[in-house]
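Please construct the entire structure, taking both the sequences and the accompanying hints into account.
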Amino acid sequence: MAERADIIAIQQPLPLAFINGEAVMEKPEDLYIPPEALEVILEAFEGPLDLLLYLIRKQKFEIVDLPVAQITRQYMEYVDLMKDIKLELAGEYLLMAAILAEIKSRMLLPKREEENEEDDPRAELIRRLREYEVVKAAALDLDSIPREERDIFLPKVQVTEDCQPQRMLPPVAMQELVLAMQAAMQRVKAFEHHHITPETLSTRERMSAILDQVKADEFTSFSAFFTADEGKAGVVVTFLAILELVKESLLELVQAEPFSDIHIKLADG
Amino acid sequence: MAKISDEQLKQLVEAAIFVADKPASEEFLLETVLEGLSVSRKRLKEVLALLQLDYQPRGIQLVKVASGYRFQSQDSLGPWLAKMWQEQAPRYSRAMLETLSLIAYRQPITRGEIEDVRGVSVSSHIIKSLSERGWIKVVGHKEVPGRPSLYATTKTFLDYFSLSGLAELPSIEAFEKLDEGHISDNDSIELPQTEFDMQPQADEKQIH
Amino acid sequence: MAKISDEQLKQLVEAAIFVADKPASEEFLLETVLEGLSVSRKRLKEVLALLQLDYQPRGIQLVKVASGYRFQSQDSLGPWLAKMWQEQAPRYSRAMLETLSLIAYRQPITRGEIEDVRGVSVSSHIIKSLSERGWIKVVGHKEVPGRPSLYATTKTFLDYFSLSGLAELPSIEAFEKLDEGHISDNDSIELPQTEFDMQPQADEKQIH
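Protein chains in written order, with this note's numbering: chain U, 1 to 269; chain L, 1001 to 1208; chain V, 2001 to 2208.
This list has only true hints and no planted wrong ones.
To spell it out: a stretch of chain V is covered by chain U in this simulated footprint if at least three of its residues, at any positions, have a beta carbon under 8 Å from a beta carbon of chain U; those stretches are:
1) 2068-2074
2) 2090-2104
In the DSS-like style, the derived pairs of lysine-lysine whose C-alpha atoms are separated by at most 25 Å in a straight line are:
3) Lys1083/L with Lys2045/V
4) Lys1083/L with Lys2010/V
5) Lys1010/L with Lys2064/V
Bear in mind the hints are in silico, worked out from the structure with no lab data behind them. Just so it is clear, the structure is predicted and the values come from calculations on it, not from any experiment. Even for Gly, the Cβ is constructed at its ideal location relative to N, Cα and C.
The following block contains the structure:
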């Protein structure tokens, strides 16, 4: 971390500081970046793995050889550059810095005899780098294969005007038919049960009776027209008769407020 | 200017007309896809004529409409192609199913008789739909005042339900069993609940 | 059942695929335009093969993509045909392409797994964009704490890239080798330099 402190300490005013940063860059010819492009470049990294891959490839190293000390140093230089131009530095970059530092410190420890290749502290990072490299290549490949909108266009062929969509008739199952018949028959039965024989209550007749009953100058309560002994059928006939009379403007209905008693009188005139 | 072979030019013009959003005029083709290829209008016209010939025996044709060239399906295929855009008609109403079942079980039957059983009027729409589907037909007239039509089911109806005759309709006892509530759970009568939850249809009028 | 001649059948299938709103599967053709024509699937396959041959030298090709058959312009004509539209094709960010690649090659995969490989978090915006394009969908939930969504690619994704299946994706071998743990180091890897040149142009829609 001392390294980083040094870089910050020797930092010069922007943007020249990045280009003539000899103090921090071992190979300035490799790292030369036009100042206006710097931000674009740093933003172009898709994360710490992408940045590490870039550094490895730039130095023409093999991933398997991963020279941790060198790469860590360069990585930190870039991370510091990112901080300098105030790029929003994601935690992932700092996490990677910690991982690199840890690997570096473990590499410095003397190797024990029984240690084999799998105990290489770099192994996990190498695995991740290779995996990411494959994904990166796959993304580029995916971007290069022909695709709609860019390389492939779809024909639009008209149908002739007389070609109208065909209407599909709804399917009917035998069961539906049976149940419909059953429902109809049940209704007939229900009707027969409550049948009042014979059909003596005609609406017309009741209309005349109601007209006899109501007065022109005073209201009669709605309930006065219904008699319990006539049953439901009587209620229906009376109700229909009143509706019919109101429709013909022979009666006037008055209700003081919702749900209160309805009163009836003969219509004026 | 770049040169393009006759074969490439034909492919390009063909593809361009196919993928264009609207009929492609000669100008449009010359100014877009053919731009920079030093193709004369005469050469383009020749290519278009060749393409029209190429497609003559095919299912689609290159036609010139007011605003340019476009491909369209062969006229004669219209009725077949129409089947690709099938609209699912709504399911039949309860009124429709009851009317059909009454005609099936009580044929020949008049509209008035159906109304008597159902307690509501049978709309002309229902009779018309069932007739159009070819499931019912008028088989005579009842000798009562007004000589109402007598309806019966057709062979098409029997075919649809895979019946060889009316005798194969599920027996009336089935209804009684249902009435008495003795229907066993494994009877294969199942209906979408919606059929019976249906609100009164606009085409049904209460008879007073 | 009506019969149809080989010539008529070819015309009908050809026109149907051309006018269909989306790729036409064999089932779709058999159930719509060929319905009632007693055409076997074998006969349909033969016709499709013939049509593919017919169109091989043309500007438009008959291809089989994931959801069915469709005609599409020849790849090589793309740069010319693109001139017909003012707007350029959308470009996709690396983050989006990497996320999409991982979902395509490693499906079903959770967001956390994608993040592990990429080393950075995957923005919700990317997942949303990919879902809205209909390229990815949630196919289940991983039985680990939090039950994260498992993502997979869709037929729409394959159709867009003109692929008939995931097996047609490029460099799938690299992923397979990776799984086996012996990727060769001389696999050609693109250097990031090329990436840096891709500065978004003003008239392009960059989709992140």
